[in-house]
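Undergrad: Listed here are the chains, written in short residue letters.
Number of protein chains: 2
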Amino acid sequence: MENSKSSPQPNDSPQIFVLRWGHRPQRDVRLTTHVALTARALCASGFILSDTQDPHIQETVTKITKSWGGNFHFEMGTPWKRAVRDWKAKGGVVVHLTAYGENIQTSDILNRIKKTNKDLLLIVGSQKVPGEFYSSEVSDFNISIGNQPHSECSALAIFLDRYFGGKELAKPFEKAKIEIVPKERGKEIKSTMDFH
Amino acid sequence: MENSKSSPQPNDSPQIFVLRWGHRPQRDVRLTTHVALTARALCASGFILSDTQDPHIQETVTKITKSWGGNFHFEMGTPWKRAVRDWKAKGGVVVHLTAYGENIQTSDILNRIKKTNKDLLLIVGSQKVPGEFYSSEVSDFNISIGNQPHSECSALAIFLDRYFGGKELAKPFEKAKIEIVPKERGKEIKSTMDFH
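Same order as they appear, the protein sequences are chains G and P.
For the first sequence, this note's numbering gives the first residue as 1, with consecutive numbering after it.
For the second sequence, this note's numbering gives the first residue as 1, with consecutive numbering after it.
Hints are computed from structural coordinates only; laboratory data are not their basis.
Here the structure is a predicted model, which means the values were calculated and not measured.
There is no bait here: all hints are sound.
For lysine-lysine, the following DSSO-like pairs were computed, each having C-alpha atoms within a straight-line distance of at most 30 Å:
(1) G/81 / G/114
(2) P/183 / G/114
(3) P/183 / G/90
Calculated from the model, a selection of chain G residues having no Cβ within reach of chain P, i.e. all distances over 12 Å:
(4) 50
(5) 51
(6) 52
(7) 53
(8) 58
(9) 87
(10) 90
(11) 93
(12) 118
(13) 193
Where a beta carbon is used, it is the ideal one built from N, C-alpha and C, also for glycine.
Please construct the entire structure, taking both the sequences and the accompanying hints into account.
TA: Right under this line is the structure:
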């Protein structure tokens, strides 16, 4: 786990790492890639693909970070129990994103999470997660992004957007070789990449 | 296109339909399913899988709607040009979600979209979209959810969350046979399903 504060934090908020649990290498490759890219684009600082290896995802995330900037940490294969234990040992808080948790809209859970003012490890499941994820031994908070079934990718996106108050979508990424110039019509890219 | 207003609208906002373009039946099945479920869970009123058929997605979405409630419209195979033409003919507005568009955070585009007070067709691409999607013949607005590459699923989620001001995550769904009771620990479901 990397502790440098060089990622494009939208403000002085604590660092957020995303832990993806239950990834199935062939079946989930695109979805997990989207989860990782969402984490990066919305200013999480790192991504842990727990308990398994998937070089395709590593390659995509590394390539995107190299071109689009920032200092996004990627690791894979770490057992989830060790990741959680290490995170807590360093004083961090563990947040489990689940449709069963306290609703981000109807409860005060987001404020309680923010008030800890600590680094967050967000657990994002894929298949059905082990029951112990809900317990206080693992998760300090169980938060739901609505209580309907939808997508861990969407849930993560809304959590980060609300946590950072939208600022994450305006933040420039350091050392970017490619940048989009937002516009009303068409596509414009600024690039310092050498295509020769 | 269905025009009933019986979906779980978070308020009297106009209806939103999502048009998924460029779906590749095998490759994109899980991602497109997540896009459709996000649309439903976040109170869009319908989903159009354009230009192709995918019975797996239809089955999943229909099953979820039957159990979890609401009146979510699903259609597939409609050519995108016809869907756009019909939408505009009925006075609706077309919004293209793209990383190249005006940034939802740094521009006033969301307010301009809301001010139209019209039904919205949200175009969500998968592969690289045709250049004409950016033109005024197709899209009234090109909006980006940040200008970094991430996920159409995340982009859709954040758009809907901001459009509805979060209320979509608190809205009960009509005729639900299953409901989650949000809680701090563990899982609780209320169900009127007959499991016999």
